[in-house]
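Undergrad: Single-letter residue listing:
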Amino acid sequence: MHDRQGQGPPRILVFSTDKISDPAIDLAGLLKLHYPPTIYTVIVPCSSGVKPRWIMHALARGFDGVFIAADGTDCPYSPACTEHTGKVVGRTHEIMKNHNINPSRLRMAAICSVCSEAFVRQMKKFHADLAEMQNKTGEENQE
Amino acid sequence: MKEKIGVYICQCGSNISDYIDVNRVRDRIKDCPGVGLAKITMFACSDSAQKEMIEDIRGEKLDGLVVASCSPKLHLATFKSVALRAGLNPYNYVQVNIREQGSWAHSDRPADATDKAIRMIEAGIARVHLARPLEPIRISTVNSVAVIGAGIAGLRAARELADMGSRVYLIEKDHYVGGRTAQWTDLHDTEKSGEEIISDLYAEIDRREDITLLTGATVKGMSGSVGNYEMEVELRPRYIRPEAVEERLAEMMERCPVSVEDDFNYALTSRKAVYAKYGTARPPGPMVDRAALEKESAFLAEYSDCIDLEQKPEIKKFKIGATILSTGFDPYLPPAGEYGYGEVEGVITLPQLKRLAALHAGGSLSHKGKKIQNLVFIYCVGSCQSEGENKYCSRFCCTAACATSLALKNKHAVRQIYHLYRQVRTYGKYEVLFDEALNQRDIFIKFDETDPPRVEEKEGKVYVTVRDLLTDGEELEIEPDLVVLITGMVPSSGRARVAEVFKAPLGRDSFFNEVHPKLRPVETVIDGVFISGACQGPKNISESVQSALSAASKANAMVSRGEMELEPTLAEVNPEICLWCGECESVCPFDSVQKVVREDKEVARINQATCKGCGICTPVCPRDAIDLIGYGNAEMESMIDALIKRGEDHAG
Amino acid sequence: MKEQERSPKMIHDVLVIGGGIAGEEASLNLAHMGFTVLLVEKDYSIGGKMIHLSKVFPTLDCSACISTPKMSETSRHPNIKIMTYSEAREIKKSKGLFEGKILKKPRYVDEDSCTGCQLCEEVCPVVVPDQYQYNLVGRKAVYIPFSVALPKLAALDIDSCIRCGACEKACPAGSIDFSQEPEEIPFQVKAIILATGYNLFDARKKADYHFGQFKNVIHAMQMERQLVPTRPYNNVLRPGDGRIPDNIAYVLCTGSRDKSVGNPICSQVCCMYSIKQAQLVMGALPMADVTIYYIDIRSFGKGFEEFYQQTASMGVEFVKGKIAQIEEKENGNLILHYEDIENGGKPVTAEHDMVVLAVGLTANSGITAEFINQEIALDPFDYIKPKDRIVNPALTSAEGVFAAGTATGPMDIPDTILSAGDASAEAASYIRRLE
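Chains as they are written, first to last, in the working numbering: chain P, 1158 to 1300; chain B, 17 to 668; chain D, 14 to 448.
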């Protein structure tokens, strides 16, 4: 497994949703609410449609963290979206554990279509936490 | 794999190129495998740039198109149409958002924004490489529109839609139409009263066979998809026997023993438990306040020929192609104690004042037995709260306050009105009303939000103390007969439930949110769900009507042609791999998964007509046999690769 | 003038007069509903005033990003026929239909063969002030009106042309045609939408502000042009000496809420565009101070108050005070006299090195004179008066004639779009009722 932890600023892959969370991320840009530029977005229709294998692929290729910007209760498709997305995350966490990957490298939070501040807050926190994880890993490696 | 992809990097004037080094981006992109040409353009969306792309696609025989510009929410359709006009299948086009999620989001770090843009465009190229041509799905549409809420916006939208040729279901949760306009009696833009305008519109609605008006109606659910929604509505009864004789009804209303607060008059008066909302309320006829009357068995027995408490709610279902939400607003209700409201006698709100004036038509005003000659208006109550929840300006209130002030002096023998304001926002021609208020010697006093007026009761009298910024902060004490809080608009209390049923998102101000204030002001992100009137944000009556008719034209254009095109990005099952387990069926919100037998094997099949392309079924398949078209493993993983690939080059 | 018989009558459902954002929106709505539209624009290009703006409040979207795709969509919709540099004339109603003529003015460039290559512009020796840049810079006598003009074709300004023939020689397509004459083409429609927009208040009428005399006093559209991506100087500069200003004043209500200049009403957009420009100026000139002198800040629309508060928190100074007079110092700086209302109302002065006059909007309803047997009523401010502002806000006093956007009064862009949508709906249902 490719592991680039500890090199440069953490890179985060965000799965955003076309109608709900991606508009919030756009709005963050419009309002010039800055967040780390090593955060990349891939849009899907619904957060419940994110496959665990994509997340594992992203982590394997070098992303330090994956964030699912979930539809939550605003989901235009399913009232059970939070539950479905939660299951995706739960299953992926299991796979991560089996591969000795720290499950906290995958997070999800509901981001409503105007929750740009919440998004930026989540990103800054996740980014900082991942950086701290890198440092720890770095220290452990040195020991 | 594509061989000749055209990549266009938009400068968006300078919105992108001020932060992102577009030349560097182009230099990095132009040699990517499969890229036939990479160009920088000032405005990719301009007509000349579109024409250039079309010429390039045709002349250079491009087989894929990537435009790196703004959010696809703005111009995906624009560039899909470019591809289509050039003879390129529009699904061979990908838009990369290097503005909202590039130059703007990272305007503080231009070099990093440039690096991010390169990666994002490479991901777009990777996606185009794997894109396959698709044809939109053509569906037939029902030329019917549901209008939710029969206030002024809903009534007007309904009438216009019917005239434009659409069938209309006008759904009102109240038992009478007219909403807030009916309560606003005196209007400055017209000679007619609010009640008259509503009655006239009702008569027109009633005359049109293509409009079905459902009052006492609540939307229970909406299923299906744009062009073919099915709506379920619950109709609550009025508990009045349809065969009841008019004289008996009149007598019954007269003799009803129970009285309750009249919410039409904002609790200034009381009404009977058998009542019509107001004298000329439409549809005509009384209704029974069941909860208030239930225990009056003697009365109920006496009028059993009129009242029938056994009437049951009824469920109605019908098909519509689109829906317009016009659920309006609620007046801001000050919490007890805000400027003495609810605690000090003689403090009311603007909507209450309007009712008070209507109740004293043509005469002097009195409130709780006290003659009203001097009033204090306090502006911006519940609006422009820098600390509170309602940060927004409610738009109509300054004008409404000035207009009301004129009417009070002209028609109700009011002597003086003190306007305690922060900024007078009688915009446009409404300035005339402010000017007239000054001319009739109203007194305007400007206060600061951080030092608001104080309303106190001393020995049974109301006193207002205010520091006037226009006279160097002098503190004034006024002893009015009535204090009127010029309250703003808040989203209607019912809108949360409406939002839930229709999935229409709310904005930062909690009103319904449009897709874009200029490009798509009456549309929501949900296809076929439009918003109009004050449910989108504060508006006066005329502005609500303009927005309602705007929505009506959009809805009519959407459904009246009988057919429309839908995105073909639906789920598909690979029957070679599928071993039917039913997992996908169990999560599908639209019952679009069917079990079929194919070559002696049970497999899942997706119903194209009902699938909405959400992809919820794709991660649950234990054999990874389902993909969403356009979001397959290969596409997603190649995009991920592109986003991270050059990480090694740049890290550290 | 060419003989009429040669031009066959143009028959459409709706005539839309004015190709600004209101006219485009109304035309597109009608076209989407299946009606045919004749869109007539008096200028060389559609796009109206909006296309010349930089960014728009309160989202700070670039104006071109909203305008140009709408222009493009309008121009290629099969149901819409656009005639630019044309005016509707002699409109009369007979048997329920409107008839009249479209005057197609000569642009002295053949529209079919011109490719917009701009070679003519390069060789033209004449330089006159560029009206599309609000006279900040010059243009040639033969020229492409502006970079995103639609149609993007050259036009020859015959009044400034010296007939040297250089353009004729340079044009590879032979498109220069001095023999063009005005043409009149008859039309017949069922309904008309007036979307003729507004005029900017002429700042010279406010004599105490000395616009046109003091070089560093400019009006807001000139500032707007200095802030667009395609800006003439590529920076914000004082016209007087080309220096970068560092202390800019905005004078709100220039020509609005002002009976002395004959415009007592509020122009509805100036507060917000000034606030927006203040934000853009702070972006372009981070070291500059910006002060906005106002009577009331009217940030009343959706998201406006929030935008105003954000701007105030960015450090733009808001001073309540009506500017009485402006004086010029020798170095080109300007002294503003005003009553400091929030500090006792004392008369005070302030010095700025550049002043932007937030000019208001005035009516542009001359088109109503072209109606022969119909009266289109105007309000006291010469805007087109709605017959019933509450129930039918777009309907004019003449049945079948509707008005959209700022033709009916001052309005911002979101309101204009809704007003245009309204006009299209009222026109559509009117036509359906005729049928």
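In case anyone wonders, no lab produced these hints; they're calculated from the structure. Where a beta carbon is used, it is the ideal one built from N, C-alpha and C, also for glycine. Careful, some of the hints might be misleading.
[Claimed, not checked] Result set (DSBU-like, lysine-lysine): computed pairs, CA atoms no more than 35 Å apart in a straight line: (1) B:K208 to D:K400; (2) B:K208 to D:K105; (3) D:K94 to B:K407; (4) B:K55 to D:K165; (5) D:K55 to B:K67; (6) B:K474 to B:K519; (7) D:K182 to D:K165; (8) B:K474 to B:K427; (9) P:K1281 to B:K407; (10) D:K400 to B:K96; (11) D:K342 to D:K359; (12) P:K1281 to B:K46; (13) D:K94 to D:K203; (14) D:K55 to B:K96; (15) B:K208 to P:K1282; (16) B:K208 to D:K165.
[As the list claims (entries may be wrong)] Covered stretches of chain P (in silico footprint by chain B; criterion: 3 or more residues with CB under 8 Å from a CB of chain B, positions within the stretch not fixed): (17) 1172-1180; (18) 1184-1197; (19) 1215-1227; (20) 1258-1264; (21) 1280-1292.
Undergrad: Against this structure, judge whether each hint is valid.
TA: We went through each hint and held it up to the structure:
Annotation: proposed proximity of B:K208 to D:K400 holds, straight-line Cα distance about 13 Å (limit 35 Å). Note on B:K208 and D:K105: the hinted pairing holds, with a Cα-Cα distance of about 32 Å set against a maximum of 35 Å. With a C-alpha separation of about 44 Å, the suggested pair D:K94 and B:K407 falls outside the 35 Å cut-off, and the hint is violated. Under the criterion of a C-alpha separation no larger than 35 Å, the hint pairing B:K55 with D:K165 is consistent with the structure, at around 20 Å.
For the hint linking D:K55 to B:K67, the alpha-carbon distance of about 24 Å falls within 35 Å, and the restraint holds. The straight-line distance between the Cα atoms of B:K474 and B:K519 is roughly 51 Å, outside the 35 Å bound, and the hint therefore fails. Of the supplied pair hints, the one linking D:K182 and D:K165 holds, its CA atoms being roughly 20 Å apart against a limit of 35 Å. Pair hint B:K474 plus B:K427 holds up; C-alpha atoms about 30 Å apart against a cutoff of 35 Å.
Restraint check for P:K1281 and B:K407: satisfied, since their Cα atoms lie roughly 26 Å apart, inside the 35 Å limit. A distance of roughly 42 Å separates the Cα atoms of D:K400 and B:K96; the hinted pair therefore is violated under the 35 Å criterion. As the CA atoms of D:K342 and D:K359 are separated by approximately 22 Å, the hinted pair is consistent with the 35 Å bound. The hinted pair formed by P:K1281 and B:K46 meets the criterion: a straight-line CA distance of about 33 Å does not exceed 35 Å.
Of the supplied pair hints, the one linking D:K94 and D:K203 holds, its CA atoms being roughly 15 Å apart against a limit of 35 Å. For the suggested pair D:K55 and B:K96, the alpha carbons sit about 31 Å apart, so the restraint of at most 35 Å is met. Under the criterion of a C-alpha separation no larger than 35 Å, the hint pairing B:K208 with P:K1282 is inconsistent with the structure, at around 58 Å. For a cut-off of 35 Å, the pair hint linking B:K208 to D:K165 is broken: about 50 Å separates their Cα positions.
Check result for the region 1172-1180 of chain P against chain B: holds, 4 residues qualifying (beta carbon to beta carbon below 8 Å, three or more required). A stretch counts as covered by a chain when three or more of its residues have a beta carbon under 8 Å from one of that chain; for the region 1184-1197 of chain P and chain B the count is 11, and the coverage holds. Check on the region 1215-1227 of chain P: 4 of its residues sit with their Cβ under 8 Å from a Cβ of chain B, so the three-residue criterion for coverage holds. Beta-carbon proximity to chain B at under 8 Å applies to 0 residues in the region 1258-1264 of chain P; the threshold of 3 is not reached and the given coverage is violated.
Coverage of the region 1280-1292 of chain P by chain B is violated. Counting CB-CB distances below 8 Å, 0 residues qualify, and the rule asks for three or more.
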